[in-house]
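K.L.:
Going line by line, the protein sequences match chains A and B.
Quick note on numbering: the numbering used here labels position 231 of the first sequence as 231, and the sequence is numbered without any gaps.
Quick note on numbering: the numbering used here labels position 18 of the second sequence as 18, and the sequence is numbered without any gaps.
Source of the hints: derived by calculation from the structure; they are not laboratory data.
Only a predicted model underlies this, so the values are computations on that prediction, with no experimental measurement involved.
It is possible that part of the hints are untrue.
Here are the computed lysine-lysine pairs in the BS3-like style, where the Cα-Cα straight-line distance is at most 27 Å [what the hints assert, rightly or not]:
(1) A/K242 x B/K6
(2) A/K221 x B/K5
(3) B/K6 x A/K122
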Amino acid sequence: MTKIKSTESFGKKLLKLVKNNPVPLMFVIICVICIPLSGYSAGYLIGEIITRIARNSFLIISLLIPIMAGMGLNFGMTLGAMAGEIGLILVSDWKVVGIPGVVLAMIISIPISVLLGWFCGKILNLAKGREMVTSYIISYFISGVYQLIVLYAMGPIIPIKHSSLVLPRGYGIRNTVNLLSMRQCLDNLLAIRIGSVRIPVVPFLIIAVLCFIVVWFKKTKLGQDMRAVGQDMEVARAAGIKVEETRIMSIIISTVLAGFGMVIYLQNMGTLNTYNSHTQIGMFCIAALLVGGASVDKASIGNVFLGVILFHLMFIVAPKAGMNLIGQAQLGEYFRVFVSYAVITVALVMYESKKRRANSLTGLKLAEDQEVAK
Amino acid sequence: MKLSKKFWLRAAAVAFLILLGVVMFFVGRQHSILVDNKTTEIDGVSYKALDVCEVRIDGGDPEELVPRDRIQIDVMDQHHTLVVSYTDANWEEKKIKVRFTTPVKEEMMVLSIPAVVAGLPMDKCLTHFESQAVTVDQIEQGETIQIDETTSFDI
Numbered sequence: 001m002t003k004i005k006s007t008e009s010f011g012k013k014l015l016k017l018v019k020n021n022p023v024p025l026m027f028v029i030i031c032v033i034c035i036p037l038s039g040y041s042a043g044y045l046i047g048e049i050i051t052r053i054a055r056n057s058f059l060i061i062s063l064l065i066p067i068m069a070g071m072g073l074n075f076g077m078t079l080g081a082m083a084g085e086i087g088l089i090l091v092s093d094w095k096v097v098g099i100p101g102v103v104l105a106m107i108i109s110i111p112i113s114v115l116l117g118w119f120c121g122k123i124l125n126l127a128k129g130r131e132m133v134t135s136y137i138i139s140y141f142i143s144g145v146y147q148l149i150v151l152y153a154m155g156p157i158i159p160i161k162h163s164s165l166v167l168p169r170g171y172g173i174r175n176t177v178n179l180l181s182m183r184q185c186l187d188n189l190l191a192i193r194i195g196s197v198r199i200p201v202v203p204f205l206i207i208a209v210l211c212f213i214v215v216w217f218k219k220t221k222l223g224q225d226m227r228a229v230g231q232d233m234e235v236a237r238a239a240g241i242k243v244e245e246t247r248i249m250s251i252i253i254s255t256v257l258a259g260f261g262m263v264i265y266l267q268n269m270g271t272l273n274t275y276n277s278h279t280q281i282g283m284f285c286i287a288a289l290l291v292g293g294a295s296v297d298k299a300s301i302g303n304v305f306l307g308v309i310l311f312h313l314m315f316i317v318a319p320k321a322g323m324n325l326i327g328q329a330q331l332g333e334y335f336r337v338f339v340s341y342a343v344i345t346v347a348l349v350m351y352e353s354k355k356r357r358a359n360s361l362t363g364l365k366l367a368e369d370q371e372v373a374k
Numbered sequence: 001m002k003l004s005k006k007f008w009l010r011a012a013a014v015a016f017l018i019l020l021g022v023v024m025f026f027v028g029r030q031h032s033i034l035v036d037n038k039t040t041e042i043d044g045v046s047y048k049a050l051d052v053c054e055v056r057i058d059g060g061d062p063e064e065l066v067p068r069d070r071i072q073i074d075v076m077d078q079h080h081t082l083v084v085s086y087t088d089a090n091w092e093e094k095k096i097k098v099r100f101t102t103p104v105k106e107e108m109m110v111l112s113i114p115a116v117v118a119g120l121p122m123d124k125c126l127t128h129f130e131s132q133a134v135t136v137d138q139i140e141q142g143e144t145i146q147i148d149e150t151t152s153f154d155i
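If we strip away everything but chain B, and leave its shape as in the complex, we get:
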């Protein structure tokens, strides 16, 4: 059976839309990165928090961190650039620039700045973050759903 030109045009349009959708999903996927300046222990080695540092991801606004600070930076896409500026023990200004990738399925990740400064590979510095379980007193009250002018019910 010979398929018509119309069929192929429609198939191409559908394929294009699916492809565009997939591209949009990857390009627009948001990841939250918790940038952490805490003393951390990785593989039995302790990495001390920096006294003060400035971080910038993907050319965004610079954020200043002091020990025990944790900030959330939301980024789009999977490929990112991190720039860390800090003063080392010899009072020398240092700037580190690293590239890293966030897996598509990861929504929130922790990025340890002391580990980055120590030169560890990114898979050690950037780890999955699991949000804490909701405790009983945090459970919210129900909502009233209004489906039209006359009908509403509590959930």
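The shape of chain A in the complex, shown without the other chains:
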């Protein structure tokens, strides 16, 4: 009898697990199918995943704070990415190389990120309840401003003297900026090798510090305020919390962290695609976070790492699996792009349906209570 009971509870637990984590489980299944089809060795896959965790995690962690403040997935992190890129362009022109170059690029990105984050936060306060779509459109708007500055102001207004950076016409920045002088300078510092796998210790330390800061931040007064605002703005306002200021602060912090993350990301890549590097970064970071099991209103550090592992594992194996399966690597490329968009769509639909279900349940309970009261 007891045995049957425990089996039932296991089945229920399994069902609950599947119900609560459909996206990560779907990706686990995709990866399990694609890994043998790709033919990659375990060593290669582990090495690639470690590199990508070091490269992308910082950017994805920057998304956690706006979620905590109830502002959803911050597509406006692209703004911080642009600030980081401006920092790297200036540092490349000033010929500051290596780790000092990376640190200086981060420092330069701070005031730009703060300004853009404040601007984004102000607008999002005017569009409460529609933060995600608003931040998505703001990122396109600021991308246009960024292109205007980089294409026309850099040279005549912002001095850029190196011909390797400036377009042949004499102003504007070239399509690609070579970051070889700082390529993987963080990754190579204190890197250790275990078998064929190289572990970039310093980026992992930086990410670990950021994780601790996020955990600590949740316990601070501002962190508690953000959580309160995220749960119910009106209740938070009644409790004396400056809701608008708190929301702006969360976006500013996220934008500044995204700027740092972009510098770490690009120092790993070793090349900056001036006009396109930032365009997809928000989308892929958000997709990775959602793949890790996060939702629009709830995300944790665990979601970040699980998301990076699953999402990038699919990124690595899908093209090769597509190639081996039907002889076309492009299929895998298409697959990974449509999956990125699909996972965001699925997560948003699920969030909305969950919210509606919760609302209708609350309504039913209220009606029931009223009946009882009568």
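Dock chain B against chain A, hints included.
P.N.:
Structure of chain B alone, referenced to chain A:
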């Protein structure tokens, strides 16, 4: 008006970041040094190129130079150490170690090894290098700037 503790903390954080930025700029500034083993004339005196020598800057990889050789070594920071090993006219092995400073604004400088070996002061050995003017046939073609999936234009 009494300023709050919060204000001072923020001001200190900004000041720290500015200071850190300045330090990073000086520490990370890259200079290209063109190490030259050519016969050179300084203040009307000619200094002959060494037959063969080995130079090393800031403990980097040693580079061998024969007459008329010029190599580029990229260095960080402003303070450097140069070690020149060569064989003199009496077939004696000699090693010279000199310290020198590169001004922050200088991006590329020429370092004359014959002048260093002759014991001239570093301001005579290390001189500003102006890259040559670009001639018409060196001017590059324009680039196509792709700003998104749908828009691109030629510059």
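K.L.:
State for each hint whether it applies.
P.N.:
Do the hints match the structure? See the list:
no.: 1; hint: A/K242 x B/K6; in the structure: holds (17 Å)
no.: 2; hint: A/K221 x B/K5; in the structure: holds (16 Å)
no.: 3; hint: B/K6 x A/K122; in the structure: holds (22 Å)
Against the hints set out earlier in the document, no violation occurs for any number.
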